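Undergrad: So you can see what is in the structure, the chains are spelled out below.
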Amino acid sequence: MTQSNRITGGQIDRTKTLRFTFDGIPYQGHPGDTLASALLANGVKLMGRSFKYHRPRGPISAGSEEPNALVELRSGGRQEPNTRATVAELFDGLTANSQNRWPSLRFDAMGINDKLSTFFAAGFYYKTFMWPKSFWEKLYEPIIRRAAGLGSVTREEDPDNYDKGFLHCDLLVIGAGPTGLMAALTAGRAGKRVILADEDFRMGGRLNAETYAVGDLQGADWAAGVVAELSSMPNLRLMTRTTVVGAFDHGIYSAVERVSDHLATPTDGKPRQILWRIYSGKAILAGGATERPVAFENNDRPGIMMAGALRAYANRWGVKVGERVAVFTNNDDGLRTALDLQAIGVDVVAVIDSREGGDLLPGIRHLQGAEVIDTAGNLGLKSISVRQANGRSETFAVDALGVSGGWNPNVNIHSHHRSRPVYDPAIAAFIPGKDGPPGLLVAGAAAGQMSTHAALKTGRDAAIAACDLTNGPDLPQAEDAPVRITPLWHVAHGKGRAWIDQQNDVTVKDIKLAKQENFTSVEHLKRYTTLGMATDQGKTSNVIGLAVMAELTGRSIPETGTTIYRPPYTPVAMGTLAGRSRGREFKPFRLTPSHHWAKEQGAIFVEVGNWLRTQWVPKAGETEWRQSVDREVLATRKSVGICDVTTLGKIDIQGTDAGAFLDRVYANTFSTLAVGKCRYGLMLREDGIVFDDGTTARMSPSEYVMTTTTANAVTVFRHLEYCRQVLWPDMDVQLISTTEAWAQFSAAGPNARNLLAKIVDQDISDAAFPYMGAGNITVGGLRARLFRISFSGELAYEIAVPTRYGDALLREMLAKGAEFDPIVYGTEALGVMRIEKGHVAGGELNGQSTALNMGLGKMVSKKKDSIGMVLSQREGMTAENGYRLVGVKPVDPQAKLTAGSHFLEKGAAAVAANDGGWLTSKVYSPHLGCDIALGYLKAGDTKIGQRMRIVNLLAGLDTEVEIISPHMFDPEGERLRG
Amino acid sequence: MASLMAMTALGRREPTTVTHGPLTITERTDVALASVAARKGRMADLAQAAQAAGTPLPGPATHQRGTPYSAFWTAPEMWFVEAPFATHELIAEMLKAALGDAASITEQTDAWVAFDLAAPDLSPVLERLCNVDFRHVPDGHATRTMMEHLGVYLIKHGPKEARLYGPRSSAESLLHALETAAHSAL
Chain A
1 MTQSNRITGG QIDRTKTLRF TFDGIPYQGH PGDTLASALL ANGVKLMGRS FKYHRPRGPI
61 SAGSEEPNAL VELRSGGRQE PNTRATVAEL FDGLTANSQN RWPSLRFDAM GINDKLSTFF
121 AAGFYYKTFM WPKSFWEKLY EPIIRRAAGL GSVTREEDPD NYDKGFLHCD LLVIGAGPTG
181 LMAALTAGRA GKRVILADED FRMGGRLNAE TYAVGDLQGA DWAAGVVAEL SSMPNLRLMT
241 RTTVVGAFDH GIYSAVERVS DHLATPTDGK PRQILWRIYS GKAILAGGAT ERPVAFENND
301 RPGIMMAGAL RAYANRWGVK VGERVAVFTN NDDGLRTALD LQAIGVDVVA VIDSREGGDL
361 LPGIRHLQGA EVIDTAGNLG LKSISVRQAN GRSETFAVDA LGVSGGWNPN VNIHSHHRSR
421 PVYDPAIAAF IPGKDGPPGL LVAGAAAGQM STHAALKTGR DAAIAACDLT NGPDLPQAED
481 APVRITPLWH VAHGKGRAWI DQQNDVTVKD IKLAKQENFT SVEHLKRYTT LGMATDQGKT
541 SNVIGLAVMA ELTGRSIPET GTTIYRPPYT PVAMGTLAGR SRGREFKPFR LTPSHHWAKE
601 QGAIFVEVGN WLRTQWVPKA GETEWRQSVD REVLATRKSV GICDVTTLGK IDIQGTDAGA
661 FLDRVYANTF STLAVGKCRY GLMLREDGIV FDDGTTARMS PSEYVMTTTT ANAVTVFRHL
721 EYCRQVLWPD MDVQLISTTE AWAQFSAAGP NARNLLAKIV DQDISDAAFP YMGAGNITVG
781 GLRARLFRIS FSGELAYEIA VPTRYGDALL REMLAKGAEF DPIVYGTEAL GVMRIEKGHV
841 AGGELNGQST ALNMGLGKMV SKKKDSIGMV LSQREGMTAE NGYRLVGVKP VDPQAKLTAG
901 SHFLEKGAAA VAANDGGWLT SKVYSPHLGC DIALGYLKAG DTKIGQRMRI VNLLAGLDTE
961 VEIISPHMFD PEGERLRG
Chain B
979 MASLMAMTAL GRREPTTVTH GPLTITERTD VALASVAARK GRMADLAQAA QAAGTPLPGP
1039 ATHQRGTPYS AFWTAPEMWF VEAPFATHEL IAEMLKAALG DAASITEQTD AWVAFDLAAP
1099 DLSPVLERLC NVDFRHVPDG HATRTMMEHL GVYLIKHGPK EARLYGPRSS AESLLHALET
1159 AAHSAL
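Protein chains in written order, with our numbering: chain A, 1 to 978; chain B, 979 to 1164.
Note that these hints are calculated values from the structure, not bench results.
You may find that some hints are simply not true.
Computed list of lysine to any residue pairs in SDA-like fashion (alpha-carbon distance at most 25 angstroms, straight line) [what the hints assert, rightly or not]: (1) A/K270 / B/E1150; (2) B/K1018 / A/D970; (3) A/K638 / A/D970.
Owing to the predicted nature of the structure, the values given are computational and were not obtained by experimental measurement.
Whenever a hint applies, use it, and build me the whole structure from the sequences.
TA: Here it is in structure tokens:
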């Protein structure tokens, strides 16, 4: 297919041809083309169907503001919906498809919606699909979603990678048009570290789309020269294809760099996109301006576009959008389009200028005081109807119409901190207001400075101000035309629909309806009509929408105001926000010292926070997890089992006030703990609820080693630092985490001592190393620590060596203790044994329970003050019929229990009012030969020995149980003191 | 000294070295590490003892080389002190002997995995990993930062040379992040 609408000129590389398809039809374009420019070059104007009415649509812009030409790019896992054809860079092999149409773009069955438009006015869904209520989720919503919508999402995983990164600069310049280039040149020549970012793949901004000169050069050539100079500066970082999408606190901006979007597939290992966080000393918004349309009847046909886009396609991409063209404008800039097109030989049929008076364009039929009142042409523009100043109507056969309603400065980034833009009647547009992000200056068209000279000057001056310079480069000569505009927002005529927001199919009528129903605030207007929503965020529509509302309500435009601007400036893919954090790389893993040994054994791992802990270690012949866990429990209680407990938090607490400090953070007392001993500690939150528990050992008069639960290792450390730094800064206490510095193993069971005696160099007999003893020992001369503590209820020790020796220590214990048949047990067996012993863990330490609830009320010392002590004594928290920890076993040993089930008295209805509490943890106990559980039961301490029911309506469980002491195994503790 | 065989943070007997284009990542198992925190009100005593013991105590965000002890600042009145592992495996005991009760000293050697990074320019890799302005900060800059959710210490020894201390248990994840960033950026 030939590029029938390609003309001479433009910044495309005609020496190379790129092949691509749109809806399966092959076309050709050139490097430098966008998908939109290449399709227009091939005479294709119809690129999409509208959101609600399925109206045929073509591009109206040549930039990121595009509301209409949304397409699906690529296929498979790389399929990407809602891509703006106007910014999609053409590459060889690109496949693009139109969306929101069936069966085809030219014949769309859902176009029936257009005929039924009366029914689809703003608020239609709210009013229509209300009854019956149950129909919404199952019937209405799915149908509406199918009919109205944008592109489709691929079900395949995105095969590409997305990076994140961090950049720093003295000055961030947002936008590389004349303003941004001049700002970067000024700061760059002064030696400042500058980042110049532009969303386009070619820097130069509007200069690439215009014909006027800068200095002695064509604007685009001047821009290329500046870019070349900037590229040679080591202090400059030029970032094309990079959109600054948001302004955040402290001079931080986010930007999306599309590294590989212009390639068929990313280069091996390279990311598709990078989400940059840019730390800037100062920033200059040089984002230019966006042209806005005028609303008139049927102003949405393919071939009708912004006047500036029409000439951009001609000047930058060498494309004539139509053979016979008209321009409809309310300002001088629209006239440029007519002149440019005329100069390159396009037949400019008429210029419809809504303003009265002024000079007439030479050689062009220039109708002043005239307005376009309607258009015709189904799949593309065929004619326009014009009402002239004298009231006479005339029809012009044209296939393209450029519309200019004026230019809106791109104030978005400046308004991301809620700065309200202010209306400037001189340019009939909003310009940046006060109180923008600190350190952000605005220059050029973004600041309402519309001429090229003003852009260059304000860009330079902003850089001088931002970088505290005294001067900057001389300004090249450039056009300095004033803005001459007479606002025209919509053409009053007839009853047809005049589009304001083409992306959301919002018409003047919808705004009238919103006003009629009293949704007159711009925020209400937006929600009621969807004006300004979706991928374009109303870049072309917001201002005319609110201006029309202002007209209707009789308020001024400043009184009507704008909606809030929020990041991102243009759409950002979810994958870009996720970066590397997905799948296996969602988070880092923490591996225990025994990980490699466990992996060799085929152990099953469980994620505990970031840790991978051994859950159980299957032996040959074991087909079901319970077999492994039961074996590990029985073997431990019979002889000895070893468990990696490195994951428990370890905090080294030193200083002359270490003991006093612990007295304040623990509910029980530690200052009296003898050196060489350890004690179980209970830590409360300020509100009296249990925060964490663990064992703390005193290694010397001024050094304690605290252990925390695995889950709370970091939060406890943070809490202690808070106490030390903020609450009691006068205490002599120093803290540091040593969780990872020591590999720590529990050896539990009747033969634990016998096994360890073969490993350690010291006497660890009961006399030499009694229950709750702690101390520094050696293992074959290696420094080590030993604690005689037990979580399993067995005679047990925890032994620690520097982490690098952990793997070897485990292997040594298994080898040297082989005669005792030691096994390694995982977290499941650990759980079974602690529940058999009634020790609390995650299910009980649930952030809602007090020491009293856990049966540990006496641990809260009243003889001293500690965090949470006072509030733990509140009425209600000490009620006698409050929850108490109990043990539970089924009357029928075969019956199953389920954690989360509720206690009910026999015969009581299963309703919340009769709820007696719940099961917090449940396991199968191989010793008791049945399921057992821990639970919180109201007045549970008075109910030991009673029978109740355990009910779980979700699991269909209703079982008679016996309430027993939580200490279900060896209640006297004879084994652990053995 | 021990009969037990040491294993590196990456689960091997010998330290690992990997290269990605111009970048070399070297696991360092030959560094002994201890934290030194001044006891309350004892900073002057500590400074005096440290000077006598040849232990540098540099200012905030700074690493200072010395023999045998090098050190970097980690928090107000707190430092990490480095020394050769072969001669200073008992670094905590040795520092306690040298600095007395003016400081709280804790062994940190195996709490961390140490990676030395070397490339003609490390900035392109590091800017994909953390928010440190590596190009701009002076040689000897030491800071705590985050890389792929992991809290790490980054020490700039020069534009071509840096040391990273990351949590030992996440050594594999950290190395993976480094390799991925190198692959992506270089």
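Undergrad: Does each hint fit the structure? Answer for all of them.
TA: Hints versus structure:
1. A/K270 / B/E1150: Within the cut-off at roughly 21 angstroms; holds.
2. B/K1018 / A/D970: Measuring from Cα to Cα gives roughly 46 angstroms; hence the hint is violated.
3. A/K638 / A/D970: holds (13 angstroms)
Checked against the numbered hints given earlier, this structure breaks only hint 2.
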